[in-house]
Amino acid sequence: MPDCLYRMARPEDVRVVHLDSFMAVYHRSSGLTHLITAPAPEILVTLGEAGMTFNALRESLADAYELGDLDDAALTARLDELVSAGLVSTA
Amino acid sequence: MMSDDTQNDPPNDPARGATSRRALMLGAVGATAIVSIRPALAQTAASVVTCEIPVPDPGRAGNYIAADGSLVPPGTQGAFAPAGRPFKGQDVKVALGGGGQLPGTSYEQNRAYTNYIRRLQSGTSGFTCFASLQMPRG
Numbered sequence: 868m869p870d871c872l873y874r875m876a877r878p879e880d881v882r883v884v885h886l887d888s889f890m891a892v893y894h895r896s897s898g899l900t901h902l903i904t905a906p907a908p909e910i911l912v913t914l915g916e917a918g919m920t921f922n923a924l925r926e927s928l929a930d931a932y933e934l935g936d937l938d939d940a941a942l943t944a945r946l947d948e949l950v951s952a953g954l955v956s957t958a
Numbered sequence: 013m014m015s016d017d018t019q020n021d022p023p024n025d026p027a028r029g030a031t032s033r034r035a036l037m038l039g040a041v042g043a044t045a046i047v048s049i050r051p052a053l054a055q056t057a058a059s060v061v062t063c064e065i066p067v068p069d070p071g072r073a074g075n076y077i078a079a080d081g082s083l084v085p086p087g088t089q090g091a092f093a094p095a096g097r098p099f100k101g102q103d104v105k106v107a108l109g110g111g112g113q114l115p116g117t118s119y120e121q122n123r124a125y126t127n128y129i130r131r132l133q134s135g136t137s138g139f140t141c142f143a144s145l146q147m148p149r150g
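Going down the list, the sequences are from chains W and D.
Each residue of the first sequence is one higher than the one before, counting from 868 in my numbering.
Each residue of the second sequence is one higher than the one before, counting from 13 in my numbering.
Keep in mind the hints are simulated off the structure, nothing from the lab.
Treat the hints with care, as some may be off.
As a list, the in silico SDA-like pairs of lysine to any residue whose alpha-carbon atoms are at most 25 Å apart [claimed, not checked]:
#1 D:LYS105 - W:SER897
#2 D:LYS100 - D:GLN133
#3 D:LYS100 - W:SER897
#4 D:LYS105 - D:GLY116
#5 D:LYS105 - W:LEU899
#6 D:LYS100 - D:ARG130
#7 D:LYS100 - D:SER137
#8 D:LYS105 - D:GLN146
#9 D:LYS105 - D:GLN133
#10 D:LYS100 - D:LEU145
#11 D:LYS105 - W:SER896
#12 D:LYS105 - D:SER82
#13 D:LYS100 - D:THR126
#14 D:LYS100 - D:SER144
#15 D:LYS105 - D:ARG131
#16 D:LYS105 - D:ALA73
#17 D:LYS100 - D:GLN121
#18 D:LYS105 - D:ALA78
#19 D:LYS105 - D:ALA95
#20 D:LYS100 - D:THR44
#21 D:LYS100 - W:SER896
#22 D:LYS105 - D:LEU132
#23 D:LYS100 - D:SER134
#24 D:LYS100 - W:LEU899
#25 D:LYS100 - W:GLY898
#26 D:LYS105 - W:GLY898
#27 D:LYS105 - D:ASP80
#28 D:LYS105 - W:LEU886
#29 D:LYS100 - W:ARG895
#30 D:LYS100 - D:ALA78
To give a feel for the contact side, a few chain D residues facing chain W, derived at Cβ under 7 Å [to be verified]:
#31 ARG33
#32 LEU38
#33 GLY39
#34 VAL41
#35 ALA45
#36 ILE49
#37 ARG50
#38 GLY112
The C-beta atom is built at its ideal place from N, Cα and C for all residues, glycine as well.
Bound conformation, chain W alone (with noise of 0.2 Å):
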């Protein structure tokens, strides 16, 4: 799915705390608490509700952080589990 795009979930979905090297994210739907780290709350931040494709992702990920090790299927893997875990939508 090169071209789908990737959206953040909406924020009356979710609850985010903020705590000190990661988050935590109630999903209210499932009921399910997500501690989450980096990348994904970068991730998250960076598609916003708006959403983007793979590519433009990979693209601002890029121009706002120094990427260490830009990986597609690292990056793919990342975004894999934020869909499962119902934080990001595909569309």
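Fit chain D to the supplied structure of chain W, relying on the hints for placement.
Just chain D now, with coordinates in the frame of chain W:
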């Protein structure tokens, strides 16, 4: 409601205000950046709609259900044959709340079945589902 809840804000941009680009590692493919916690209660709440209640309990399959919900020998006059398939939690919730009848039941049959469900005891198949229907939902 949400505007005065500072903890409910969307994630703040970690890069905001940074004078230089922050280092970020994507991690290995096999690594994980997410740990999910599933409290037992949350799991119960999430499964309320899809959990099932057999009428009667498989341990007492074959028994008929009397009007008051008690189990009686098969063929007892005025009692109803077992339900063909378990009822969904959501259907039971509606029936118990008086908002409708259990699917495929007559008025009297529905009353007998719901009386049976109300009398479910801990350890009986369907009790956990019934109990979770009673819990107030947030």
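So, going through the hints one by one against the coordinates:
Restraint check: the Cα-Cα separation between D:LYS105 and W:SER897 comes to about 20 Å, which is no more than 25 Å; the hinted pair holds. A distance of roughly 18 Å separates the Cα atoms of D:LYS100 and D:GLN133; the hinted pair therefore holds under the 25 Å criterion. Under the criterion of a C-alpha separation no larger than 25 Å, the hint pairing D:LYS100 with W:SER897 is consistent with the structure, at around 19 Å. Pair hint D:LYS105 plus D:GLY116 holds up; C-alpha atoms about 15 Å apart against a cutoff of 25 Å.
Note on D:LYS105 and W:LEU899: the hinted pairing holds, with a Cα-Cα distance of about 23 Å set against a maximum of 25 Å. At most 25 Å may separate the alpha-carbon atoms for a hinted pair to count; D:LYS100 and D:ARG130 meet this at roughly 15 Å. Between D:LYS100 and D:SER137 the CA atoms are separated by roughly 13 Å; this keeps the pair inside 25 Å, and the hint holds. About 9 Å separates the Cα atoms of D:LYS105 and D:GLN146, which keeps this hinted pair within 25 Å; it holds.
Distance check on the hinted pair: D:LYS105 and D:GLN133 sit about 17 Å apart at the alpha-carbon level, within 25 Å; holds. For the hint linking D:LYS100 to D:LEU145, the alpha-carbon distance of about 11 Å falls within 25 Å, and the restraint holds. About 19 Å separates the Cα atoms of D:LYS105 and W:SER896, which keeps this hinted pair within 25 Å; it holds. Between D:LYS105 and D:SER82, the direct Cα distance comes to roughly 20 Å. Compliance with the 25 Å bound is thereby established for this hinted pair.
In summary, the hint linking D:LYS100 to D:THR126 is supported, as the alpha carbons are separated by about 13 Å, within the 25 Å threshold. Between D:LYS100 and D:SER144 the CA atoms are separated by roughly 13 Å; this keeps the pair inside 25 Å, and the hint holds. For the suggested pair D:LYS105 and D:ARG131, the alpha carbons sit about 15 Å apart, so the restraint of at most 25 Å is met. Between D:LYS105 and D:ALA73 the alpha-carbon distance is near 23 Å, which keeps this suggested pair within the 25 Å criterion.
A distance of roughly 16 Å separates the Cα atoms of D:LYS100 and D:GLN121; the hinted pair therefore holds under the 25 Å criterion. Restraint check for D:LYS105 and D:ALA78: the C-alpha separation of about 21 Å stays at or below 25 Å, so the hint holds. Our distance criterion of 25 Å between C-alpha atoms is met by D:LYS105 and D:ALA95, whose separation comes to about 17 Å. For a cut-off of 25 Å, the pair hint linking D:LYS100 to D:THR44 is broken: about 36 Å separates their Cα positions.
A C-alpha spacing of about 19 Å is found between D:LYS100 and W:SER896, which places the hinted pair at or below 25 Å, so the restraint holds. Distance check on the hinted pair: D:LYS105 and D:LEU132 sit about 14 Å apart at the alpha-carbon level, within 25 Å; holds. Taking the CA atoms of D:LYS100 and D:SER134, the gap is about 18 Å. The hint holds against a cut of 25 Å. Simply put, D:LYS100 and W:LEU899 have alpha-carbon atoms about 23 Å apart, close enough for the 25 Å limit, and the pair holds.
Simply put, D:LYS100 and W:GLY898 have alpha-carbon atoms about 20 Å apart, close enough for the 25 Å limit, and the pair holds. A threshold of 25 Å between alpha carbons decides the hint, and for D:LYS105 with W:GLY898 the separation of about 20 Å falls inside it, so the pair holds. Note on D:LYS105 and D:ASP80: the hinted pairing holds, with a Cα-Cα distance of about 19 Å set against a maximum of 25 Å. In summary, the hint linking D:LYS105 to W:LEU886 is not supported, as the alpha carbons are separated by about 38 Å, beyond the 25 Å threshold.
Annotation: proposed proximity of D:LYS100 to W:ARG895 holds, straight-line Cα distance about 22 Å (limit 25 Å). Of the pairs offered as hints, the one joining D:LYS100 and D:ALA78 holds, with about 21 Å between alpha carbons and a cut-off of 25 Å not exceeded. Given the 7 Å rule on beta carbons, the hint for D:ARG33 holds: about 5 Å separates it from the nearest Cβ of chain W. For the restraint placing D:LEU38 at the interface with chain W, the shortest Cβ-Cβ distance is roughly 4 Å, inside the 7 Å limit, so the hint holds.
At a threshold of 7 Å, the smallest CB-CB gap from D:GLY39 to chain W is about 6 Å, leaving the interface hint in force. The interface hint given for D:VAL41 is met, as the beta carbon of that residue sits about 5 Å from the closest beta carbon of chain W, less than 7 Å. Interface restraint check for D:ALA45: the shortest CB-CB distance to chain W comes to about 4 Å, inside 7 Å, so the restraint holds. Using the Cβ-Cβ criterion of 7 Å, the hint placing D:ILE49 at the interface with chain W is satisfied: the shortest such distance is roughly 4 Å.
Given hint, D:ARG50 at the interface with chain W, holds; its Cβ is 5 Å from that chain's nearest Cβ, closer than 7 Å. Given the 7 Å rule on beta carbons, the hint for D:GLY112 is violated: about 25 Å separates it from the nearest Cβ of chain W.
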